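Novice: Each chain is listed here by its residues.
There are 2 protein chains.
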Amino acid sequence: MDAGYITPFVKSIQNVFSTMLQLPVTVNDPAIKTGNSPSHDVSGIIGMSGDVTGSVVLSFKMETADAVVALFCGERLERDSADFADAIGELVNMVCGGAKAMFNDKKRVSISCPSVIVGSDHGVSLPSDIPCVLIPCTTDCGEFVIEVAIRETTPSSEASEQAAANA
Amino acid sequence: MDAGYITPFVKSIQNVFSTMLQLPVTVNDPAIKTGNSPSHDVSGIIGMSGDVTGSVVLSFKMETADAVVALFCGERLERDSADFADAIGELVNMVCGGAKAMFNDKKRVSISCPSVIVGSDHGVSLPSDIPCVLIPCTTDCGEFVIEVAIRETTPSSEASEQAAANA
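Chains B and E, in that order, are what the protein sequence lines are.
Reminder that position 12 of the first sequence reads as 12 in the numbering used here, one-by-one numbering, no gaps.
Reminder that position 57 of the second sequence reads as 57 in the numbering used here, one-by-one numbering, no gaps.
Certain hints may be false.
The list makes no distinction among identical chains, and a pair is therefore deemed to hold if it is satisfied within one copy or across any two copies.
[What the hints assert, rightly or not] Each computed SDA-like pair below joins lysine to any residue, with the alpha-carbon atoms no more than 25 angstroms apart:
(1) Lys11 to Ser81
(2) Lys61 to Ala82
(3) Lys61 to Arg108
(4) Lys61 to Asp121
(5) Lys61 to Ser120
(6) Lys61 to Met102
(7) Lys61 to Asn104
(8) Lys61 to Ser39
(9) Lys33 to Ala82
(10) Lys33 to Gln22
(11) Lys33 to Leu21
(12) Lys33 to Asp80
(13) Lys11 to Glu78
(14) Lys61 to Arg79
(15) Lys33 to Val52
(16) Lys61 to Thr154
(17) Lys61 to Cys141
(18) Lys33 to Arg79
(19) Lys33 to Asp83
(20) Lys11 to Arg79
(21) Lys11 to Asp80
(22) Lys11 to Asp121
(23) Lys61 to Asp80
(24) Lys61 to Thr153
(25) Lys61 to Asp51
(26) Lys61 to Gly123
(27) Lys11 to Thr153
(28) Lys61 to Pro38
(29) Lys33 to Gly74
(30) Lys61 to Asp105
In case anyone wonders, no lab produced these hints; they're calculated from the structure.
Since we're looking at a predicted model, the values are computed, not measured.
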């Protein structure tokens, strides 16, 4: 994956967490994801399409998610409430929105609405033919990880999507 | 949600399962999702953007996912393998691709790459401000459910996304 797609996520996660949560984020070295996905408790997922195709996942351990949502909403929320999921979804939405605005020469990228997964020890798999970069982050609320799996949309991948549409 | 968005998914799930798996699907009455999401073991999630914005989730119990993947791939696969996740992802991709081709007058809809969640008893939450329709399905391999949460993209929702991008 072009490293030019990683820097925007690093900057955006720091912008969003410092602006919205007053929570500084230390971003550790990104690494290519290999083998099994790490297990998570709470994940916010957003899809990207247009000139790039892919998915972005923001994943937390349960206690970290509790603390981040409390900072975002000003109070602790029940994990099974709609507001809890909406808060995680809004965070990943802001991170992706901020990142896509920093993509080089990529004007036509749209992002889907977020999906939020709550469940102890789940794994998130993105398509194995798209390189996935793990960005580990550390904060005073605990650690979390962003997974970015995007590729530039090629005519052949559009054709394949069209073939699926016609199946 | 416009019922015109549900029929394409009903038709597409039947097309894809009968064509790719030779597995007839009985589609039960769709219902608006309220309250907590049902818990799942394996979920394939795809985002849609463009003239409509939303997410589609195809969720299975573990045993049903095992059987469906075995039909799709011709052999049983390990649940933690990349091929298992890719098979579930390809199924949801074909269902969404087929459905979007049947949307009325909606030419500009793109779909993201799929994310696949594997984890016992996880819940998937979609944004609470988008109506979500649950479509329960029955097959000889067991039951599964499709959740469709999409809305037409309005100038105000585009503006809100832009605001997030500028935050």
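Novice: Under a CA distance limit of 25 angstroms, which applies to Lys61 and Ala82: within one copy, between copies, both, or neither?
Specialist: Cα proximity of Lys61 and Ala82: in one copy and across copies (18 angstroms, 23 angstroms).
Novice: Within a copy, between copies, both or neither: which one fits Lys11 and Asp121 at a CA-CA cutoff of 25 angstroms?
Specialist: The answer is neither: 28 angstroms in one copy and 34 angstroms across copies each exceed 25 angstroms.
Novice: How would you classify Lys11 and Arg79 at a CA-CA limit of 25 angstroms: within, between, both, or neither?
Specialist: neither (28 angstroms within a copy, 35 angstroms between copies)
Novice: Up to 25 angstroms between alpha-carbons, please classify Lys33 paired with Ala82: within, between, both or neither.
Specialist: between (31 angstroms within a copy, 12 angstroms between copies)
Novice: At most 25 angstroms between CA atoms: does that hold for Lys33 and Gln22 within a copy, between copies, both, or neither?
Specialist: Answer is neither: 29 angstroms inside a copy and 35 angstroms across each miss the 25 angstroms cutoff.
Novice: Checking Lys33 and Asp80: alpha-carbon separation at most 25 angstroms within a copy, between copies, both or neither?
Specialist: between (29 angstroms within a copy, 15 angstroms between copies)
Novice: Classify it for me, Lys11 with Asp80: is the Cα-Cα distance of at most 25 angstroms met within a copy, between copies, both or neither?
Specialist: This pair counts as neither: shortest intra-copy Cα distance 30 angstroms, inter-copy 32 angstroms.
Novice: Checking Lys33 and Leu21: alpha-carbon separation at most 25 angstroms within a copy, between copies, both or neither?
Specialist: For Lys33 and Leu21, the Cα distance exceeds 25 angstroms both inside one copy (28 angstroms) and across copies (31 angstroms).
Novice: What label fits Lys33 with Arg79 when the C-alpha limit is 25 angstroms: within, between, both, or neither?
Specialist: between (28 angstroms within a copy, 18 angstroms between copies)
Novice: Is the C-alpha distance from Lys61 to Asp80 at most 25 angstroms within one copy, between copies, in both cases, or in neither?
Specialist: both (15 angstroms within a copy, 20 angstroms between copies)
Novice: Using 25 angstroms as the alpha carbon limit, work out where Lys61 and Asp121 are close: within a copy, between copies, both or neither.
Specialist: both (9 angstroms within a copy, 16 angstroms between copies)
Novice: How would you classify Lys61 and Pro38 at a CA-CA limit of 25 angstroms: within, between, both, or neither?
Specialist: both (11 angstroms within a copy, 21 angstroms between copies)
Hint check: violations occur at hints 1, 3, 6, 7, 10, 11, 13, 16, 20, 21, 22, 24, 25, 29, 30; the rest are consistent with the structure.
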